[in-house]
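Participant: Here are the chains, one letter per residue:
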Amino acid sequence: MIRTSRAGRAGQYLALLGYLVFLAFPFLWLISTAFKPARELGSLHPTWIPRDPTLANFRQAFDEQPLLQAAGNSLAAAAGAALICVAIATPMAYVMARHRTRLTTAATGWVVVSQAFPFVLVIIPLFLVLRNLRMINSLSGLVLVYVVWSLPFALWMLAGYVRAVPGELEEAAAVDGAGRVRTLLSVVAPLLAPGIAATALFAFITAWNEFFFALVLLKTPEKQTLPVVLTHFLGAEGVADLGPLAAAAFLATLPSLVVFALIQRRITGGMAAGAVKA
Amino acid sequence: MTSTTVAPPSGNQPERPPGEGRARRRGRGRGGPPGKPLDHGAWFLVLPALIPILILSVGPLVYGVSLAFTDSQAGRTEPTQWIGALNFRDLAQDTLFWDSFGIGLVWAVGVTVPQFALALGLALLLDQKLRLRWLARALAIIPWAMPEVVVGIMWRLVYNPDAGILNETLRDLGLGEGRDWLTGLATALPAVIVVGIWAGLPTTTVALLAGLQNTPHELHEAAALDGAGPWRRFRTVTWPAIRPVVLAITALNFIWNVNSFALVYVLTGGGPGGRTRLPMLFAYEEAFRYGQFGYAAAMSCVMVAVISVMLALYLVGRLKGGDER
Numbered sequence: 001m002i003r004t005s006r007a008g009r010a011g012q013y014l015a016l017l018g019y020l021v022f023l024a025f026p027f028l029w030l031i032s033t034a035f036k037p038a039r040e041l042g043s044l045h046p047t048w049i050p051r052d053p054t055l056a057n058f059r060q061a062f063d064e065q066p067l068l069q070a071a072g073n074s075l076a077a078a079a080g081a082a083l084i085c086v087a088i089a090t091p092m093a094y095v096m097a098r099h100r101t102r103l104t105t106a107a108t109g110w111v112v113v114s115q116a117f118p119f120v121l122v123i124i125p126l127f128l129v130l131r132n133l134r135m136i137n138s139l140s141g142l143v144l145v146y147v148v149w150s151l152p153f154a155l156w157m158l159a160g161y162v163r164a165v166p167g168e169l170e171e172a173a174a175v176d177g178a179g180r181v182r183t184l185l186s187v188v189a190p191l192l193a194p195g196i197a198a199t200a201l202f203a204f205i206t207a208w209n210e211f212f213f214a215l216v217l218l219k220t221p222e223k224q225t226l227p228v229v230l231t232h233f234l235g236a237e238g239v240a241d242l243g244p245l246a247a248a249a250f251l252a253t254l255p256s257l258v259v260f261a262l263i264q265r266r267i268t269g270g271m272a273a274g275a276v277k278a
Numbered sequence: 001m002t003s004t005t006v007a008p009p010s011g012n013q014p015e016r017p018p019g020e021g022r023a024r025r026r027g028r029g030r031g032g033p034p035g036k037p038l039d040h041g042a043w044f045l046v047l048p049a050l051i052p053i054l055i056l057s058v059g060p061l062v063y064g065v066s067l068a069f070t071d072s073q074a075g076r077t078e079p080t081q082w083i084g085a086l087n088f089r090d091l092a093q094d095t096l097f098w099d100s101f102g103i104g105l106v107w108a109v110g111v112t113v114p115q116f117a118l119a120l121g122l123a124l125l126l127d128q129k130l131r132l133r134w135l136a137r138a139l140a141i142i143p144w145a146m147p148e149v150v151v152g153i154m155w156r157l158v159y160n161p162d163a164g165i166l167n168e169t170l171r172d173l174g175l176g177e178g179r180d181w182l183t184g185l186a187t188a189l190p191a192v193i194v195v196g197i198w199a200g201l202p203t204t205t206v207a208l209l210a211g212l213q214n215t216p217h218e219l220h221e222a223a224a225l226d227g228a229g230p231w232r233r234f235r236t237v238t239w240p241a242i243r244p245v246v247l248a249i250t251a252l253n254f255i256w257n258v259n260s261f262a263l264v265y266v267l268t269g270g271g272p273g274g275r276t277r278l279p280m281l282f283a284y285e286e287a288f289r290y291g292q293f294g295y296a297a298a299m300s301c302v303m304v305a306v307i308s309v310m311l312a313l314y315l316v317g318r319l320k321g322g323d324e325r
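Protein chains in written order, with this note's numbering: chain A, 1 to 278; chain B, 1 to 325.
By construction, these hints were calculated from the structure, which means they are not laboratory data. It is possible that part of the hints are untrue.
[Said to hold, decoys possible] Quick list of the computed label-pair ranges, beta carbon to beta carbon:
#1 B:171 - A:109: 53 to 61 Å
#2 B:231 - A:131: 56 to 64 Å
#3 B:128 - A:37: 42 to 50 Å
#4 A:232 - B:96: 50 to 58 Å
#5 B:51 - A:177: 25 to 33 Å
#6 A:38 - B:236: 14 to 22 Å
#7 A:220 - B:102: 58 to 66 Å
#8 A:131 - B:236: 56 to 64 Å
#9 B:290 - A:232: 34 to 42 Å
#10 B:62 - A:10: 56 to 64 Å
#11 B:47 - A:37: 53 to 61 Å
Note that beta-carbon positions come from the ideal geometry of N, C-alpha and C, so glycine has one too.
The following block holds chain B by itself, in its conformation from the complex (with noise of 0.2 Å):
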């Protein structure tokens, strides 16, 4: 939702759902009375949904890692047949490819701890009993609700080598010329990975701003009594009660930065030179520009497996880290 819009979110972002907290208090949750077995009546209403899902969700899933192991071109007319791991060797030596993979780390990582740090940040003065709240709360929906096609035009607005504000302030405030930011070797990753922290804020603030309410507040206020001053508290009150939140939020953020397609598509379009080509970006050219589908469903799976192998690391690392603690 991407998202989204949700989600989507978006996107397209896909967001989480209200009512669980009311839900669990009467008892009907996960803590509730099993549930009655399937009968035909629950079939009927279970079908409608569960049909399309099969088809247009379980099933692409497990056609596309087949995809993999086949030469599955657009447009060819012979049949297409089973190569076994020959994609996957291919992709082994594609350094083309490897490199955009490295792109995509750096984005993904790039955007996901500054937008953490920052709407941890804004969370906490917004979990203050601040003036303007209100205001910031406002100006969360610009981010959350715009097509993200939107967000992409907006910034290249703001990045316009001329008619930018960017340049604009800059040279107001005597700090140079300003440059192009998009189009320049080595200013065009970190000008769209602002974008994408810009983009991403709302949602990991509101994540974090819900963990931050759920803190007691005796506990902070025994910690003051005690002479903890405001670090202290955060490290031993605060954090322990929002590291659930944490964990699930940079998660989420992670793969919906590594999902992420429209901003980038439309900043940069990959260049200049393939600085930007996201590995989406590149499975997308190979997909529905060359027309190689095997190998781009090569390439998804590859990104997949690493992306998982990488997110289960972090999640068990700091599982454990908790421990210790």
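For reference, chain A alone in the conformation it holds in the complex (with noise of 0.2 Å):
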């Protein structure tokens, strides 16, 4: 082993103390903006702790904005876009992994290019066909460019589960007489189905925090989602009711932050493999 001196680990720990800090001190401060009363978040000398914690704030942002409602289009929205997004890609993904022709070639190369997306440069067409389709300021919409907003991040990583599966199973599921839909479902969905719900539950955080295509798709606020809702409380010019702002920005997280726990291994050992690879 390579080792340290003391005063080296000391500076090490001081170094990673610095990042906990820089990395929590703002959400910190959100949850504890969210609790204090109007009267505090009046004062000139705001207060890590509040000296007199409230749910008011939450009260209100419920009365002032239409949370509830914003809450269950994202839901359907992201809902929605994660279980077609797993549906469709999956047995594509299957393809890529399995085949190789110049149109697996192509979808690949698509997967890479789409991560340097200039959308942009894609968001007015799709306005204007989602506008004579009829779909503006509708859900089916936003979750029809959700779907393929998220394809490319799901192939590639169906792509890599499926290529963890041993073909030697499908051989010998072929071999006892199963075609090809039967293998699929009942030999090779099974081994996948831990990996199509970490793809579906990360779909799922990807739609569930989007906001540019729900900010330019959804025009009235019966149809908007959470993160569009949430900039109504902004205000003209900027002023804003910090307490009602902070508390519904803190809800909004939630969600988020429990799905993205539960996936965050897979998540982070898929870039790890990925970014090997790269």
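Hints in hand, dock the two standalone chains.
Facilitator: Quick look at the structure:
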């Protein structure tokens, strides 16, 4: 082992502590603000821990904006997008992993390029196309966009999982007389299930958090998703009612944090594998 | 993805898949036997994903490029006409756009470079057997999983001139009365850049950490035995090993940062006086506030073209630099 001197170690811990503070303090401040009464928010000397913690901000947040409806919209859009995305991505990922033809090469190329997708360039035509389909200001239009938006990552992730399934299993199934669909459904799919679940959850978070497309495509408040509704708290010229704003923002984050905590290991493991390969 | 989430990337930030490493060992990946050609069954499997991709991704991209050569506008009754390169000629004269473009470059570089440096530091620390690593891992979830809009809101609370913790801390430390960071002409851009760095730190760290954990440990010990100090070991052992990851993640970060929208939209809305008006915000306003679809498409084309060229130069330059060493 390479030994580090005691002073070196201390320096390392100090640096780590600095990072931890940098990563955590904005979030702690958000929580702190969410529980502060209006009086404290107006005072010139804010404290880390609310002197007089209250839930009034949460109540006011629900009164001011249709948060429940927005959460419902977000949930519908994100769940719909995640389910459709894995439903159509899994078969294609299977083909990409098992076959090597010009089409699958092109698909892989598209997956890579779409990491760098200039979505300014895509949003205007997408808006026009969806307008012609009469799908502006509708959640179904947004779901369509989210499906395509999460496809590259889903394909990449799922193709990785498929490659990890030994091909011999499928050959054995074929020898036993199982057709292709049968093989996929009863041999491959069960083995892929955890991977499919992780991919779906990731697609879910991506859609739950997404803002730009939702901002452009959803016009009326009763259709808008949570991130768009949150910006309404900011009001004109950035005059904001801080307490309810913080409370609503805090609530909107919880689902993402929980879901992400569930799949973090898979995602970081995947990033590790992908990054090493790159 | 968004991104992440992802991505998302996002966000919105799109990330990378698991299973690649395992897959290669199984001999089914790149080095594996060539696959079977696509039969009817395979087409049946591909089409459900391929059709949406063609209609909603490849199609709009082509359509978007062609829009740049038209006078397409929102809510107009007469048909759209081809106007050749007129949009681009106008764009060349549009100082507001070039100002915005410059701000976009400052933003993208200003976020990507410190983000990389900080992430490398954190990754090196996490690669050591330090305690509290679990805490860093847990905290890294926050910027990574959070909706970009919430990140923006959160930092607005931090930067708030009266009720914000930043100014309060400055006052406590006796560093003056603090200021209104997000509306000050001089401070707005640096302030949003800090937020950008914060938001992308976990992704970058995880990628770099993966690279670090892939460096051969024996080489490190051999170098140490030969009397190489930490800096020397980093230069000769670690850096060459993580170079590919560094290239990939900085290039990706750069692209993601250029595409960034929600953060700055929420933090400043492009103000004060356009000081933080990133090209994305500019194009968005042009298209969806003023309805100039053709002109905004031309803007996007220029952005994409310039960014692609810069990235190509960066990657080629870096790869060559590697040969000389």
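Participant: Assuming the hint says 58 to 66 Å, is it satisfied by the Cβ distance from residue 220 (chain A) to residue 102 (chain B) or not?
Facilitator: Given about 37 Å between the Cβ atoms, the range is violated.
Participant: Taking 53 to 61 Å as the hint, is the beta-carbon distance of residue 47 (chain B) and residue 37 (chain A) inside that range?
Facilitator: Cβ of residue 47 (chain B) to Cβ of residue 37 (chain A): about 58 Å, so the range 53 to 61 Å holds.
Participant: Is the distance from the Cβ of residue 51 (chain B) to the Cβ of residue 177 (chain A) consistent with 25 to 33 Å?
Facilitator: holds (32 Å)
Participant: Does the hinted range 42 to 50 Å hold for residue 128 (chain B) and residue 37 (chain A) at CB?
Facilitator: This hint holds: roughly 44 Å between Cβ atoms.
Participant: Starting from the hint 56 to 64 Å, judge whether the C-beta atoms of residue 231 (chain B) and residue 131 (chain A) obey it.
Facilitator: holds (58 Å)
Participant: Quick check: does the Cβ-Cβ distance between residue 131 (chain A) and residue 236 (chain B) fall within 56 to 64 Å?
Facilitator: holds (58 Å)
Participant: Does the Cβ-Cβ separation between residue 290 (chain B) and residue 232 (chain A) fall within 34 to 42 Å?
Facilitator: violated (22 Å)
Participant: For residue 232 (chain A) and residue 96 (chain B), compare the CB-CB distance with the range 50 to 58 Å and indicate the outcome.
Facilitator: About 28 Å separates the Cβ atoms of residue 232 (chain A) and residue 96 (chain B), which means 50 to 58 Å is violated.
Participant: Taking 53 to 61 Å as the stated bounds, is the beta-carbon spacing between residue 171 (chain B) and residue 109 (chain A) within them?
Facilitator: holds (54 Å)
Participant: Given the hint of 14 to 22 Å, is the C-beta distance from residue 38 (chain A) to residue 236 (chain B) inside that range or not?
Facilitator: Hint violated: Cβ distance 59 Å, outside 14 to 22 Å.
Participant: Do the beta carbons of residue 62 (chain B) and residue 10 (chain A) sit within 56 to 64 Å of each other?
Facilitator: Holds, since residue 62 (chain B) and residue 10 (chain A) (Cβ atoms, about 58 Å apart) stay within the stated range.
Hints 4, 6, 7, 9 from the earlier list are contradicted by this structure; the remaining hints agree with it.
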